[in-house]
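Protein chains in written order, with UniProt numbering: chain A, 1 to 376; chain B, 1 to 439.
Calculated directly from the structure, the hints in this document are not laboratory data. Think of the CB as a built atom: it goes at the ideal place given N, C-alpha and C, for glycine as much as any other residue. Each hint should be verified, as a subset may be incorrect.
[What the hints assert, rightly or not] Quick list of the computed label-pair ranges, beta carbon to beta carbon:
1. B:R319 x A:P234: 13 to 23 Å
2. B:F121 x A:I240: 44 to 54 Å
3. A:I320 x B:A278: 24 to 34 Å
4. B:A278 x A:E42: 54 to 64 Å
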Amino acid sequence: MLGILRQKVSFGGSHISIVEQSFLRIRPAVNASRGYTSAAKEMTVRDALNSALDEEMSADPKVFLMGEEVGEYQGAYKISKGLLDKYGPERVVDTPITEAGFTGIGVGAAYYGLRPVIEFMTFNFSMQAIDHIINSAAKSNYMSAGQISVPIVFRGPNGAAAGVGAQHSQCYAAWYAACPGLKVLSPYSSEDARGLLKAAIRDPDPVVFLENELLYGESFPVAAEVLDSSFCLPIGKAKIEREGKDVTITAFSKMVGYALKAAEILANEGISAEVINLRSIRPMDKATINASVRKTNRLVTVEEGFPQHGVGAEICTSVIEESFEYLDAAVERIAGADVPMPYAANLERMAVPQIEDIVRAAKRTCYRSVPKAATA
Amino acid sequence: MSPAFSASSTKIIQPLPLSTTRSHDKPLFDPLKSTSSSSFLGSTLKLRFNSLNTSNHPYPRRRSAVVAVSDVVKEKKLKSKASFSNLLITKEEGLELYEDMVLGRSFEDMCAQMYYRGKMFGFVHLYNGQEAVSTGFINLLKKEDCVVSTYRDHVHALSKGVPARAVMSELFGRTTGCCRGQGGSMHMFSKEHNVLGGFAFIGEGIPIATGAAFTSKYRREVLKEADCDHVTLAFFGDGTCNNGQFFECLNMAALWKLPIVFVVENNLWAIGMSHLRATSDPEIWKKGPAFGMPGVHVDGMDVLKVREVAKEAIGRARRGEGPTLVECETYRFRGHSLADPDELRDPAEKAHYATRDPITALKNYIIDNNLASEAELKAVEKKIDEVVEDAVDFADDSPLPSRSQLLENVFADPKGFGIGPDGRYRCEDPKFTEGTAHV
Numbered sequence: 001m002l003g004i005l006r007q008k009v010s011f012g013g014s015h016i017s018i019v020e021q022s023f024l025r026i027r028p029a030v031n032a033s034r035g036y037t038s039a040a041k042e043m044t045v046r047d048a049l050n051s052a053l054d055e056e057m058s059a060d061p062k063v064f065l066m067g068e069e070v071g072e073y074q075g076a077y078k079i080s081k082g083l084l085d086k087y088g089p090e091r092v093v094d095t096p097i098t099e100a101g102f103t104g105i106g107v108g109a110a111y112y113g114l115r116p117v118i119e120f121m122t123f124n125f126s127m128q129a130i131d132h133i134i135n136s137a138a139k140s141n142y143m144s145a146g147q148i149s150v151p152i153v154f155r156g157p158n159g160a161a162a163g164v165g166a167q168h169s170q171c172y173a174a175w176y177a178a179c180p181g182l183k184v185l186s187p188y189s190s191e192d193a194r195g196l197l198k199a200a201i202r203d204p205d206p207v208v209f210l211e212n213e214l215l216y217g218e219s220f221p222v223a224a225e226v227l228d229s230s231f232c233l234p235i236g237k238a239k240i241e242r243e244g245k246d247v248t249i250t251a252f253s254k255m256v257g258y259a260l261k262a263a264e265i266l267a268n269e270g271i272s273a274e275v276i277n278l279r280s281i282r283p284m285d286k287a288t289i290n291a292s293v294r295k296t297n298r299l300v301t302v303e304e305g306f307p308q309h310g311v312g313a314e315i316c317t318s319v320i321e322e323s324f325e326y327l328d329a330a331v332e333r334i335a336g337a338d339v340p341m342p343y344a345a346n347l348e349r350m351a352v353p354q355i356e357d358i359v360r361a362a363k364r365t366c367y368r369s370v371p372k373a374a375t376a
Numbered sequence: 001m002s003p004a005f006s007a008s009s010t011k012i013i014q015p016l017p018l019s020t021t022r023s024h025d026k027p028l029f030d031p032l033k034s035t036s037s038s039s040f041l042g043s044t045l046k047l048r049f050n051s052l053n054t055s056n057h058p059y060p061r062r063r064s065a066v067v068a069v070s071d072v073v074k075e076k077k078l079k080s081k082a083s084f085s086n087l088l089i090t091k092e093e094g095l096e097l098y099e100d101m102v103l104g105r106s107f108e109d110m111c112a113q114m115y116y117r118g119k120m121f122g123f124v125h126l127y128n129g130q131e132a133v134s135t136g137f138i139n140l141l142k143k144e145d146c147v148v149s150t151y152r153d154h155v156h157a158l159s160k161g162v163p164a165r166a167v168m169s170e171l172f173g174r175t176t177g178c179c180r181g182q183g184g185s186m187h188m189f190s191k192e193h194n195v196l197g198g199f200a201f202i203g204e205g206i207p208i209a210t211g212a213a214f215t216s217k218y219r220r221e222v223l224k225e226a227d228c229d230h231v232t233l234a235f236f237g238d239g240t241c242n243n244g245q246f247f248e249c250l251n252m253a254a255l256w257k258l259p260i261v262f263v264v265e266n267n268l269w270a271i272g273m274s275h276l277r278a279t280s281d282p283e284i285w286k287k288g289p290a291f292g293m294p295g296v297h298v299d300g301m302d303v304l305k306v307r308e309v310a311k312e313a314i315g316r317a318r319r320g321e322g323p324t325l326v327e328c329e330t331y332r333f334r335g336h337s338l339a340d341p342d343e344l345r346d347p348a349e350k351a352h353y354a355t356r357d358p359i360t361a362l363k364n365y366i367i368d369n370n371l372a373s374e375a376e377l378k379a380v381e382k383k384i385d386e387v388v389e390d391a392v393d394f395a396d397d398s399p400l401p402s403r404s405q406l407l408e409n410v411f412a413d414p415k416g417f418g419i420g421p422d423g424r425y426r427c428e429d430p431k432f433t434e435g436t437a438h439v
């Protein structure tokens with residue numbers, strides 16, 4: 001077992017309200033797999049999101065941010081730090097604790113001409129507002145035959161954090177991605193965060209932007225063009241993070257980091273893995289995934305959410321439908337455990353995919369013998 | 001003939017645990033002494049705006065004491081003989097109101113006919129009996145003001161200016177409908193006339209309306225469009241007033257002083273659930289002062305009373321003084337929808353409200369006060385009949401949506417369909433618009 005480095009992650013200065021012990025968690029060292037590049041300015045995901053919001057709000061006065069604690073508290077996770085001072089309380093709106101109410105207000109404002117960014121403290125709370133996200137945002141352009149478009153962004157942290165329990169740990173990618181009329185994005189690195197958030201704010205359709213709380217403090221190197229204020233990533237295109245020729249591993253959000261680590265481990269054992277960062281869950285870049293599988297002939301999908309009807313299910317079926325003859329092995333699907341997230345640290349570790357699970361699945365597709373399940 | 005606007009017409013029929021004597025000879029209670037927490041103090045005098053409770057508010061607020069509508073009418077009637085200067089409306093306004101209400105009624109009756117002939121399908125909810133509310137409010141709006149409604153939205157759309165042809169075609173599911181047949185009865189949208197829907201979930205429209213009002217205020221204050229004083233009206237029913245979103249929006253609208261009027265069409269029934277069985281305190285107007293906005297109750301079967309209240313409420317919103325909650329006591333003559341057998345309502349209650357038909361009341365008022373003759377009113381009715389017939393013919397002759405329409409308008413940006421197996425955006429495939437592309 002490779003030693004996992006304990007990494008101190010730097011925050012933006014103030015403490016995080018909900019996850020106090022997160023800096024004690026063992027984190028994989030992100031930069032170990034990247035070479036040192038000449039354009040090596042580092043940026044945390046938090047700063048990337050903050051700068052993207054800042055630039056879009058200054059470029060278009062119709063963009064405003066609304067959510068709980070986004071203003072005076074500087075954001076529950078400090079994503080909107082400094083925005084209240086810069087843009088004032090009319091554009092950075094602190095709301096009462098009424099998800100259904102303020103999400104609906106955001107949708108109504110979008111109907112009538114503004115470009116809201118609605119922040120959910122976590123996407124678990126979006127369930128209180130899901131009626132507005134689906135019924136009044138996603139479906140409106142269709143129901144009104146194109147008269148009313150809804151240029152709104154719903155953003156917030158998604159998926160498991162550290163020890164926050166069952167009601168704060170669900171991944172909503174599969175639920176929102178099932179609904180026509182929504183675009184669902186999930187960034188991994190700072191470049192993804194910046195580019196996709198800017199694209200989402202500029203997009204004329206409702207976008208669900210799934211961040212990850214544990215990634216906020218992680219630093220990634222960013223090239224100079226990423227820092228440009230007109231930098232944007234296309235919605236609906238995946239990124240091949242690492243080229244390979246033996247097995248395709250697809251992932252999104254935090255799992256991309258795990259997949260890259262797994263690819264390192266596999267490389268030492270002679271398996272060359274291609275890691276695809278989905279970036280966009282809906283519309284999903286099935287073209288890239290299929291092209292990759294046709295090259296490698298093996299597929300492992302990784303996600304944090306519940307296994308049934310998950311993102312991995314959709315990818316596997318798409319590959320089976322379109323590239324069946326190219327598969328040399330059964331498709332492998334790795335997802336979170338089919339249980340509500342437990343609290344105990346060791347159980348939580350078992351409920352979320354770990355790097356070893358990805359390595360084992362990749363080896364299975366290559367017909368290497370592996371132990372069937374993780375040891376507790 | 002029975003006078004249309006007498007004091008007795010403002011009585012609420014259902015038995016209340018509180019004292020129900022409502023005499024207009026009682027002194028209008030001093031707003032300085034009223035607090036929103038007092039439940040019995042003058043609670044039966046429903047025709048007053050309940051002023052804001054300032055007892056625990058740090059900032060002094062201006063109390064607005066608006067005299068109730070029926071008192072205005074009564075005073076005007078008592079003061080002198082009816083003459084043009086004392087009437088609430090001019091002849092042109094009267095005819096406009098009459099025409100709007102008759103259009104609403106005839107249109108809905110035609111919908112029922114068409115439904116039973118199979119031209120219309122699904123859920124259709126008719127507005128018969130409630131026309132005074134729609135006409136009374138929407139007639140006072142500008143084109144840029146917004147209306148947000150529920151599934152009982154045909155007449156709101158018509159009053160706001162959506163052509164009868166477009167609404168009828170939409171109901172028939174034809175491509176010439178206001179939403180090209182993609183919305184249906186419950187989802188009337190019109191960007192041109194600022195009808196922001198048409199929502200099937202009750203309570204869903206209230207935050208949307210609050211958001212549109214938020215946009216109005218934002219435009220004025222942040223985008224500096226100084227003349228943007230657009231008002232939003234949110235229409236919803238008595239059942240919705242027990243829903244969480246209603247209270248959330250009352251709070252935020254009052255907190256941020258948004259230019260919105262919350263119009264409750266209290267027709268006493270939510271499908272088969274009586275308002276009294278569902279609500280702990282059935283007087284909905286009282287919920288306004290609890291959040292710091294005026295709450296008004298008005299007789300919703302009387303278009304002139306509704307219009308007077310609407311003028312004040314919309315004026316308040318336009319001036320930037322904040323939201324108002326208006327409860328209109330009204331009644332729907334038909335069932336909840338065309339599929340509702342309507343067995344639970346007492347026929348005596350229905351008969352009672354039938355005598356208070358708002359169209360008949362306005363007709364009597366117009367004739368009694370010599371604003372127009374019977375012949376002129378008959379001419380209006382005939383004209384509306386022709387409009388509705390023409391709408392039906394137009395809808396009948398309109399084509400069904402083509403196959404390619406199925407995939408259109410899911411996104412404003414069509415690249416939302418993603419990338420196809422050939423690596424290009426699916427919407428760029430020439431077969432996409434024909435509906436034959438594999439998605």
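Okay, the hints, checked on the actual structure:
1. Take R319 of chain B and P234 of chain A: their Cβ atoms lie about 47 Å apart, and the range 13 to 23 Å is violated.
2. About 49 Å separates the C-beta atoms of F121 of chain B and I240 of chain A, a value consistent with the hinted range of 44 to 54 Å.
3. Evaluation of the 24 to 34 Å hint for I320 of chain A and A278 of chain B yields a failure: the beta carbon distance comes to about 51 Å.
4. Distance hint for A278 of chain B and E42 of chain A: a CB-CB separation of about 59 Å, consistent with the stated range 54 to 64 Å.
In this structure, the earlier hints numbered 1, 3 are contradicted, and the remaining ones agree with it.
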